[in-house]
Amino acid sequence: MNSNLVPFDPYYKKRITYVWRGQQFAFDVAHTIFSSFQIDEGTDLLLRLIEPAFPEPQRILDVGCGCGVIGICLARRFPQADVTLVDKDLLAVRYARHNAELNATTNVTVLGSVGLSEAPPGPYDLIVSNIPAKIGDYAIEHEFILEPLRHLRPGGEYWFVVVSGLNHLIPRLGPRHNLRLKEIKKRAGHSVYRIIAPAATVPTGGL
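Residue numbers (UniProt numbering): 1 to 207.
Keep in mind the hints are simulated off the structure, nothing from the lab. Backbone N, C-alpha and C fix where the C-beta goes; we use that ideal spot for every residue, glycine too. It is possible that part of the hints are untrue.
[Stated by the list, open to error] Under the rule of at most 20 angstroms between Cα atoms (straight-line distance), these lysine to any residue pairs were calculated in the SDA-like manner:
#1 Lys13 - Asp89
#2 Lys182 - Val163
#3 Lys185 - Ala199
#4 Lys88 - Glu51
#5 Lys186 - Ile196
#6 Lys88 - Arg77
#7 Lys185 - Leu90
#8 Lys88 - Pro154
#9 Lys134 - Gly165
#10 Lys182 - Pro154
#11 Lys14 - Thr32
#12 Lys13 - Lys134
#13 Lys14 - Pro52
#14 Lys186 - Leu173
#15 Lys186 - Asp89
#16 Lys88 - Pro121
#17 Lys134 - Gly189
#18 Lys134 - Ser113
[Unchecked claim] Per label pair, the in silico range of CB-to-CB distance:
#19 His31 - Lys185: 37 to 43 angstroms
#20 Ala104 - Ala199: 35 to 41 angstroms
#21 Tyr138 - Leu90: 23 to 29 angstroms
#22 Gln58 - Pro10: 37 to 43 angstroms
#23 Ala139 - Lys186: 20 to 26 angstroms
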């Protein structure tokens with residue numbers, strides 16, 4: 001999908017500009033992709049807070065990438081890293097690939113994947129996600145919390161943002177699975193959390 005041809009793509013809605021850490025990004029979005037009006041407030045909050053302990057992560061994974069905002073921004077911030085974006089929606093994959101090219105982030109790979117089923121095996125230094133709110137507590141717990149942790153290197157970090165409606169669930173998962181879970185910031189509408197992978201084994205979650 002060439003950037004000059006985007007207005008002729010049948011799914012194309014508009015181009016969104018975004019400034020992060022003094023750099024400008026452009027993201028083309030489709031009508032049916034998540035947050036196609038503007039950059040999601042949760043995504044923006046996560047990006048403005050994320051400070052991984054590894055100063056130069058080598059492998060980054062964005063789970064449920066949508067049109068690619070989080071992963072592409074991190075790819076430009078960490079040009080030495082291999083950044084993988086995954087999403088179950090093939091239209092999102094199409095636009096994320098296009099946006100990676102649009103923003104000249106050549107260190108980005110975008111794959112279609114239900115959960116992490118098609119993601120390259122870990123370990124990753126950093127995993128990120130804007131967790132979808134309407135997939136059910138079980139899927140959130142197992143597909144978007146426990147499964148990403150299995151792909152982290154020891155001491156690696158998982159940063160994610162959730163809507164406030166999930167604050168009934170996320171804090172309980174720390175003690176339930178013995179996770180090093182910390183709430184980084186809570187504000188009206190969203191909360192950002194970080195989980196650090198242990199040096200030994202990662203909990204299986206007990207299906």
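Results for each hint:
Proximity of Lys13 to Asp89 is assessed by CA-CA distance (about 17 angstroms); at most 20 angstroms being required, the pair is judged to hold. Between Lys182 and Val163 the CA atoms are separated by roughly 16 angstroms; this keeps the pair inside 20 angstroms, and the hint holds. Proximity of Lys185 to Ala199 is assessed by CA-CA distance (about 25 angstroms); at most 20 angstroms being required, the pair is judged violated. Pair hint Lys88 plus Glu51 does not hold up; C-alpha atoms about 27 angstroms apart against a cutoff of 20 angstroms.
This hinted pair checks out: Lys186 and Ile196 have alpha carbons roughly 19 angstroms apart, not beyond 20 angstroms. Between the alpha carbons of Lys88 and Arg77 the distance comes to roughly 25 angstroms, so the proposed pair goes past 20 angstroms and is violated. Between Lys185 and Leu90 the alpha-carbon distance is near 32 angstroms, which puts this suggested pair outside the 20 angstroms criterion. As the CA atoms of Lys88 and Pro154 are separated by approximately 27 angstroms, the hinted pair breaks the 20 angstroms bound.
Between Lys134 and Gly165, the direct Cα distance comes to roughly 10 angstroms. Compliance with the 20 angstroms bound is thereby established for this hinted pair. Among the hinted pairs, Lys182 with Pro154 is consistent with the structure: their alpha-carbon atoms are about 17 angstroms apart, no more than 20 angstroms. For the given pair, Lys14 sits about 12 angstroms from Thr32 by alpha-carbon distance, which is consistent with the 20 angstroms threshold. A threshold of 20 angstroms between alpha carbons decides the hint, and for Lys13 with Lys134 the separation of about 23 angstroms lies outside it, so the pair is violated.
Of the supplied pair hints, the one linking Lys14 and Pro52 is violated, its CA atoms being roughly 32 angstroms apart against a limit of 20 angstroms. Between Lys186 and Leu173 the CA atoms are separated by roughly 17 angstroms; this keeps the pair inside 20 angstroms, and the hint holds. For the proposed pair Lys186 and Asp89, the alpha carbon gap of about 28 angstroms is over 20 angstroms, so the pair is violated. Straight-line distance between C-alpha atoms of Lys88 and Pro121 comes to about 17 angstroms, which keeps the hinted pair within the 20 angstroms bound.
Restraint check: the Cα-Cα separation between Lys134 and Gly189 comes to about 15 angstroms, which is no more than 20 angstroms; the hinted pair holds. Taking the CA atoms of Lys134 and Ser113, the gap is about 18 angstroms. The hint holds against a cut of 20 angstroms. Judged by the Cβ atoms, the range 37 to 43 angstroms given for His31 and Lys185 is violated: they are separated by roughly 31 angstroms. At about 37 angstroms, the CB distance of Ala104 to Ala199 agrees with the hint of 35 to 41 angstroms.
The hinted range of 23 to 29 angstroms is satisfied by Tyr138 and Leu90, whose Cβ atoms lie roughly 24 angstroms apart. Range check, Gln58 to Pro10: Cβ separation about 38 angstroms, and the 37 to 43 angstroms hint holds. About 23 angstroms separates the C-beta atoms of Ala139 and Lys186, a value consistent with the hinted range of 20 to 26 angstroms.
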